[in-house]
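J.: Put together the whole structure using the sequences plus the hints.
Using the working numbering, the letters of the sequence shown map in sequence onto residues 1136 to 1462.
Please note that the accuracy of each hint is not assured.
Claimed, not checked - Straight-line C-alpha distance at most 20 Å; calculated SDA-like pairs for lysine to any residue: (1) K1272 to G1428; (2) K1272 to M1169; (3) K1272 to G1327.
Claimed, not checked - Label-pair restraints from in silico Cβ distances: (4) S1293 to S1357: 29 to 35 Å; (5) H1409 to W1220: 31 to 37 Å; (6) S1293 to V1386: 38 to 44 Å.
What the hints contain is simulated information worked out from the structure, not anything from laboratory work. We put the CB at the ideal spot given by N, CA and C, even for glycine.
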Amino acid sequence: MTAMPDSIATLQFYPRRSALRRYFALWYFTILLMVWNLLGHLYLGFEQSDLQPLVGLATAIGLQFLLEWIDARAAGRRPRFAGSWADFVNFLPPAIIPGLAVPMLLFPNERLIPIMFGVGLAIGSKVLFRAPVGDGKTQHIFNPSNLGIVASLLLFPSIGVAPPYHFTENLTGMWHWALPLFVLATGLVVHGLFTGRLVLVLTWLAAFVIQGQLRAWYFGTSWIVPLTPMTSAAFMVFTLYMIPDPATTPVQPLRQALFAMAIAAVYGLLLVNHMVYGLFIALVVVCGLRGAGLYAWAAWQSLRPAPTEGGSLQPEMAGVARQLSAS
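T.: Listed below in structure tokens is the structure:
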């Protein structure tokens, strides 16, 4: 089992294994994060320092180029960014996305080390935490940005998540709901047409409502209380751009639904046990369980006897079968 260039293995997680669909989705997420960060720091009211997204970008891009160069040299292949200008440009989105997402969703006051750590782990996790996905290929199992955020929150107790209100803090009137509505609509279109993860998104929303109502019924609280997180732009960002990462989620619709329901169930259990940052931690837990399942499946497959020329028959029976078919 060997690690392969990430984009090669990743294509099998997109509809029809289409490189065009992958690039469209990656550049949509990249441009959205770039515009949202720019507007956020200039107008919307992002409360992090202006230096933090720049440090995040520099860390992500620098580390991704370094790791790719090392891997290409070890494998005796050309680096993915060295073919043409198109190869170079299309190599950037997987670094830009965590480079902007981690500093956008964390609030470390004015500190830069937690940002660098979170972004560095996000990029490095694609090399460190991989699982077999068939055909001798491996694929990273954690959403990079989400893992970097969770690790930073756990290892730096003085930091927290960005306040949910800062995504639309300075908007008024129709723009207060028009911007989130635009992001929601375009995100659903992208997942429906280009990533094939619409089932995952819709199941997650339904499962989130169900687990919330079960908690409200059991503890005797108002039914509206568990639904309030769904009204924030931060929840929408998590729903559209954190959970349905094509590279780290199942392809088949049924497995997507089970994956989404598992995240909602783990989130509910974390909340019942008074654990904060439940959304991010639940996704890490479920992705880790999925990775363990992929390893278990690969181990079980390796223990099965290889089929002989006659199919699953023993060699002696296969010879008899060939003689009968020739007579």
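J.: For every hint, state whether the structure bears it out.
T.: To see whether the hints hold, each was checked on the structure:
Restraint check for K1272 and G1428: the C-alpha separation of about 16 Å stays at or below 20 Å, so the hint holds. Restraint check for K1272 and M1169: the C-alpha separation of about 32 Å exceeds 20 Å, so the hint is violated. For the proposed pair K1272 and G1327, the alpha carbon gap of about 26 Å is over 20 Å, so the pair is violated. The supplied range of 29 to 35 Å is met by S1293 and S1357, whose beta-carbon atoms lie about 33 Å from each other.
Against the hinted window of 31 to 37 Å, the Cβ-Cβ separation of H1409 and W1220 comes to about 52 Å, which falls outside the hint. As the Cβ distance of S1293 to V1386 is approximately 40 Å, the hint placing it in 38 to 44 Å holds.
When held up to the earlier numbered hints, the structure conflicts with 2, 3, 5 and fits the remainder.
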